[in-house]
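Participant: With chain V's structure known, arrange chains C and Y on it following the hints.
Sequences listed follow chains V, C and Y, in order.
Position 179 of the first sequence, counting from 1, maps to 178 under numbering that gives the first Met the number 0, and the rest follow consecutively.
Position 227 of the second sequence, counting from 1, maps to 226 under numbering that gives the first Met the number 0, and the rest follow consecutively.
Position 192 of the third sequence, counting from 1, maps to 191 under numbering that gives the first Met the number 0, and the rest follow consecutively.
By construction, these hints were calculated from the structure, which means they are not laboratory data.
Cβ coordinates follow ideal geometry from the N, Cα and C atoms, glycine included.
Straight-line Cα separation of at most 20 Å, SDA-like style, residue types lysine to any residue; simulated pairs:
1) Y/K419 with V/G274
2) C/K38 with Y/A4
3) C/K38 with C/K292
Computed beta-carbon distance windows for the label pairs:
4) V/N70 with Y/E342: 40 to 50 Å
5) V/A202 with C/P301: 47 to 57 Å
6) V/L257 with Y/A471: 17 to 27 Å
7) V/T67 with Y/S9: 28 to 38 Å
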Amino acid sequence: MPKSAPAKAPRLSVRKTYKLYVGGAFPRSESGRTYLVDGDNVALASRKDARDAVVAARKAQPKWAAATAYNRGQVVYRIAEMVEARHGEFVALGVPAAEVDAAIDRLVWYAGWSDKIAQVTGNANPVAGPFFNISSPEPTGVVGVVAPASLLGLVSVVAPAIVTGNTVVVLAAGPQVAITLAEVLATSDVPGGVVNILTGNAAETAPWLASHDDVNALDLTGVRDTELAADLERAASGTLKRVIRPRRKVDFTADPGLGPMTALLETKTVWHPKGY
Amino acid sequence: MTATATSTGTLRALLHGLPGVDKVGVEARAAALGTRSVKTTAKAKAIDLAIRMVDLTTLEGADTPGKVRALSAKAIRPDPADPTCPSAAAVCVYPSMVPTAAAVLAGSGVHLASVATAFPSGQAPLAVKLADTRDAVAAGADEIDMVISRGAFLAGDYAKVFDEIVAVKEACGDAHLKVILETGELGTYDNVRRASWLAMLAGGDFIKTSTGKVPVAATLPVTLIMLEAVRDFRAEHGRQVGVKPAGGIRTTKDAIKYLVLINETVGDDWLSPDWFRFGASSLLNDLLMQRTKLTTGHYAGPDYFTLD
Amino acid sequence: MFEYAPAPESRSIVSIASTYGLFIDGDFSDGKGTFKTINPASEEVLAEVAMAAPEDVDRAVAAARRAFGPWSALPGAERAKYLFRIARIIQERSRELAVLESLDNGKPIKESRDVDLPLVAAHFFYYAGWADKLRYAGFGTDPKPLGVAGQVIPWNFPLLMLAWKIAPALAAGNTVVLKPAETTPLSALFFADVCRQADLPPGVVNIITGAGDTGRYLVEHPDVDKVAFTGSTEVGRQIARSVAGTGKRLTLELGGKAANIVFDDAPIDQAVEGIVNGIFFNQGHVCCAGSRLLVQESIADELLDSLKRRMATLRVGDPLDKNTDIGAINSAAQLAKITELSEIGSSEGAERWSPPCELPDRGFWFAPTIFTGVTQAHRIAREEIFGPVLSVLTFRTPDEAIEKANNTPYGLSAGIWTEKGSRILAVADRLRAGVVWANTFNKFDPTSPFGGYKESGYGREGGRHGLEAYLA
Numbered sequence: 000m001p002k003s004a005p006a007k008a009p010r011l012s013v014r015k016t017y018k019l020y021v022g023g024a025f026p027r028s029e030s031g032r033t034y035l036v037d038g039d040n041v042a043l044a045s046r047k048d049a050r051d052a053v054v055a056a057r058k059a060q061p062k063w064a065a066a067t068a069y070n071r072g073q074v075v076y077r078i079a080e081m082v083e084a085r086h087g088e089f090v091a092l093g094v095p096a097a098e099v100d101a102a103i104d105r106l107v108w109y110a111g112w113s114d115k116i117a118q119v120t121g122n123a124n125p126v127a128g129p130f131f132n133i134s135s136p137e138p139t140g141v142v143g144v145v146a147p148a149s150l151l152g153l154v155s156v157v158a159p160a161i162v163t164g165n166t167v168v169v170l171a172a173g174p175q176v177a178i179t180l181a182e183v184l185a186t187s188d189v190p191g192g193v194v195n196i197l198t199g200n201a202a203e204t205a206p207w208l209a210s211h212d213d214v215n216a217l218d219l220t221g222v223r224d225t226e227l228a229a230d231l232e233r234a235a236s237g238t239l240k241r242v243i244r245p246r247r248k249v250d251f252t253a254d255p256g257l258g259p260m261t262a263l264l265e266t267k268t269v270w271h272p273k274g275y
Numbered sequence: 000m001t002a003t004a005t006s007t008g009t010l011r012a013l014l015h016g017l018p019g020v021d022k023v024g025v026e027a028r029a030a031a032l033g034t035r036s037v038k039t040t041a042k043a044k045a046i047d048l049a050i051r052m053v054d055l056t057t058l059e060g061a062d063t064p065g066k067v068r069a070l071s072a073k074a075i076r077p078d079p080a081d082p083t084c085p086s087a088a089a090v091c092v093y094p095s096m097v098p099t100a101a102a103v104l105a106g107s108g109v110h111l112a113s114v115a116t117a118f119p120s121g122q123a124p125l126a127v128k129l130a131d132t133r134d135a136v137a138a139g140a141d142e143i144d145m146v147i148s149r150g151a152f153l154a155g156d157y158a159k160v161f162d163e164i165v166a167v168k169e170a171c172g173d174a175h176l177k178v179i180l181e182t183g184e185l186g187t188y189d190n191v192r193r194a195s196w197l198a199m200l201a202g203g204d205f206i207k208t209s210t211g212k213v214p215v216a217a218t219l220p221v222t223l224i225m226l227e228a229v230r231d232f233r234a235e236h237g238r239q240v241g242v243k244p245a246g247g248i249r250t251t252k253d254a255i256k257y258l259v260l261i262n263e264t265v266g267d268d269w270l271s272p273d274w275f276r277f278g279a280s281s282l283l284n285d286l287l288m289q290r291t292k293l294t295t296g297h298y299a300g301p302d303y304f305t306l307d
Numbered sequence: 000m001f002e003y004a005p006a007p008e009s010r011s012i013v014s015i016a017s018t019y020g021l022f023i024d025g026d027f028s029d030g031k032g033t034f035k036t037i038n039p040a041s042e043e044v045l046a047e048v049a050m051a052a053p054e055d056v057d058r059a060v061a062a063a064r065r066a067f068g069p070w071s072a073l074p075g076a077e078r079a080k081y082l083f084r085i086a087r088i089i090q091e092r093s094r095e096l097a098v099l100e101s102l103d104n105g106k107p108i109k110e111s112r113d114v115d116l117p118l119v120a121a122h123f124f125y126y127a128g129w130a131d132k133l134r135y136a137g138f139g140t141d142p143k144p145l146g147v148a149g150q151v152i153p154w155n156f157p158l159l160m161l162a163w164k165i166a167p168a169l170a171a172g173n174t175v176v177l178k179p180a181e182t183t184p185l186s187a188l189f190f191a192d193v194c195r196q197a198d199l200p201p202g203v204v205n206i207i208t209g210a211g212d213t214g215r216y217l218v219e220h221p222d223v224d225k226v227a228f229t230g231s232t233e234v235g236r237q238i239a240r241s242v243a244g245t246g247k248r249l250t251l252e253l254g255g256k257a258a259n260i261v262f263d264d265a266p267i268d269q270a271v272e273g274i275v276n277g278i279f280f281n282q283g284h285v286c287c288a289g290s291r292l293l294v295q296e297s298i299a300d301e302l303l304d305s306l307k308r309r310m311a312t313l314r315v316g317d318p319l320d321k322n323t324d325i326g327a328i329n330s331a332a333q334l335a336k337i338t339e340l341s342e343i344g345s346s347e348g349a350e351r352w353s354p355p356c357e358l359p360d361r362g363f364w365f366a367p368t369i370f371t372g373v374t375q376a377h378r379i380a381r382e383e384i385f386g387p388v389l390s391v392l393t394f395r396t397p398d399e400a401i402e403k404a405n406n407t408p409y410g411l412s413a414g415i416w417t418e419k420g421s422r423i424l425a426v427a428d429r430l431r432a433g434v435v436w437a438n439t440f441n442k443f444d445p446t447s448p449f450g451g452y453k454e455s456g457y458g459r460e461g462g463r464h465g466l467e468a469y470l471a
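Bound conformation, chain V alone:
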């Protein structure tokens, strides 16, 4: 009599390890710390991770800013392509499908700005004299970002910063979504160091970014605690960083306007005489 086949054991899944995203690589926190999110161990970033991330961001910034606007636009468009490809993965993490769609379309919107922002915010100036005079926008440099928790919110603070040539150090709120987005960035031709994502307790690491002498601007959009926001803004004043203050109610699905980009742009005006 043939033996009946033994009951098949269920296949064991291979769980993802959630690490930081710095300089294009996925390191653990130098502190070795983690915290639990829905049963996953997520890296808990320290001030030294933030320091290293700033180094990576600064290193990447000149080359990213020197890339053509066309190239940056194509890279941001590719991020949209890769988010679209991972649509299901974000939904599985709990992001509503409509929000994933909105995040993709927001990325496409910003991709199209890279080679137009200069045309809309820059111009020749008709000075009273025989001079050629032109004002053009330039990226401010390295931006520290305290990000909102949602995917759409995260995209809405990262894209306007990088599309004009800044690089960012992001203190993420929703870690699994943020690190999944980091995986997207790692496959989107985004040069290492342009976007750096740290998971953990933003209240712990943000002050180190706010007071850092080599960070040019601070985006506090994701800060919910008004006292913390004020403290960070005070710390930023030490090097006169440009600060984007948190707003009480933000609808990330609405037209963001030019503000998120221009807040992180400097205007350079050049004069040149005209004459044989």
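Facilitator: Leaving out everything else, chains C and Y in the frame of chain V:
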């Protein structure tokens, strides 16, 4: 040239009166020439010519007689498996290694180039630089690769740079003199043009891009400017000067781009080892691999070629 | 001594059908008869394409009209994504389209591959990004499209001229009926396939092939709201006359006779490159070609020696050879025009020179040519030759250069060569030309507005300015 003719003031007027170089334009022209497609028979001839133009180089603190003997043997017979493979143009070493190289190269037809004049920085008194030169020639070098005083050049002391080259040329005797401009330190293409002319006016036989010891070595645009300079210099003064890009040229593809540059800027007259050299080391093996691929039809691998 | 072996780009990447129909309402249909399109380098027939009759033009305009409602009602973000898809597909099919363009037009593969196709893709990328940002373009807070655009393009940059017309029109919410030139219909027909691959709604883009009559019927069609034309000044005048009294908006990009001004302090080697690029790029079939060299008299001899030496390295031959610099003249008719005007140049006393050139026996070829000793009184200094022929004049002072440069009914482009920045800006200020290149020439970018003064036309293509023509 007379003393007044070579004063810094006169040299400055002359060099600063040369036409400027538009950076974007020259880089675009060099890049466009780099898209020339050189295949089959043309490629085979180009590879052989490139091999014959290589100054096989070792300039390390760690050089020993053993290393230099091996390098010299390789310059004579780059591919022991193929006797039809031509020899390299020269071996290029430090003065202390000249006697070792001379012993191996004797009678082979391969030249012996020695760096001199406190290579690579050039920061030494003139007497030391001249002694360096004379010793290398006495030991058997028939070519001298000197460095210009970049400090003096960038400080605007053109007369000093000029006088040093004249003195070294004299110390060379019968040896031919290559003048290394160290283009990676000169900062602008305009300066590359000016340094080229300065070196030629002072009597250099070759102008050379780099020592290979600073981050930026030979590039196509820099070499293009130097080729234009030797072309214009010959037209004006009737004397032909050679060009040697050195450092950073590692692949056959790169080498062929340089040959295209010569072909379309100055033409046949410079397409010979007498007037153009590559300062390189690893380039030679890549040339050999490509040469072999053309005859066997499949891609080569490094195991089949000698390390020196 | 250093001869380059033949380096042919393979034709096998592109598959050309023997016949093509008209692309109307998302599908191909027959016209009234067909005509042949040939490879000007060999005179071989490439395909037979449909001849659109008036009723076919009616059909196409009607399809565009039907599609206009839904297309313009789409959120800009959705239109943007269609255009981004098209841009991506063009990037992916770049090599295939470049080979096709070289076969049908005669231009070197080096140019179609490295200049035309990258610019085509970039143009669609750029305008895709405007579709959802029109309120920021400076034309009002809620700018509206015009409706149906009738667009007629020339044979010199077939796919690029198509991109310049279609991309901004669609981004702004219009629908189009486009007629490619009769000697170069194929890349437009392949573009129709790209539209299908992108799932572009039927009727948004319609491609109708035909000859002069087809074009005339299209631009005079009563249900076309906007006409865009690139071509000769002669035809441009006729079109301007025909839209008079109608409500149609019109932009024209016509001929030119650009002055390329070289001052005594120019970076000489790069200036020579700029002169060569200015008149020999694309066989001189360029409306903005630097066809008049204005060289400061004090350096004229030296510059001409350098120029001739440089011209001797130009390679004329098989457009599909990767080392070819100058390809075939686009048609027998154009070759005849160039030949005739060159003979006039000689008969009027200018001195003609070409480097020795071996021209193939079949196909249409013209060696790169310069005429020296030309003055403003010569016909070859005034009339557009549209071929690889350069007229060389001299000047003494900047004022004189500017005067001569402006002394023409045309005003499309100009070049200035000097190391002195203030001179560039002062001269640029006074040149009556829509595009001024300083220390460079023939540079194009989707962000950079292009168009002429005077009889070179009106309206601008490219940049934010390029949207204006397609918005109400």
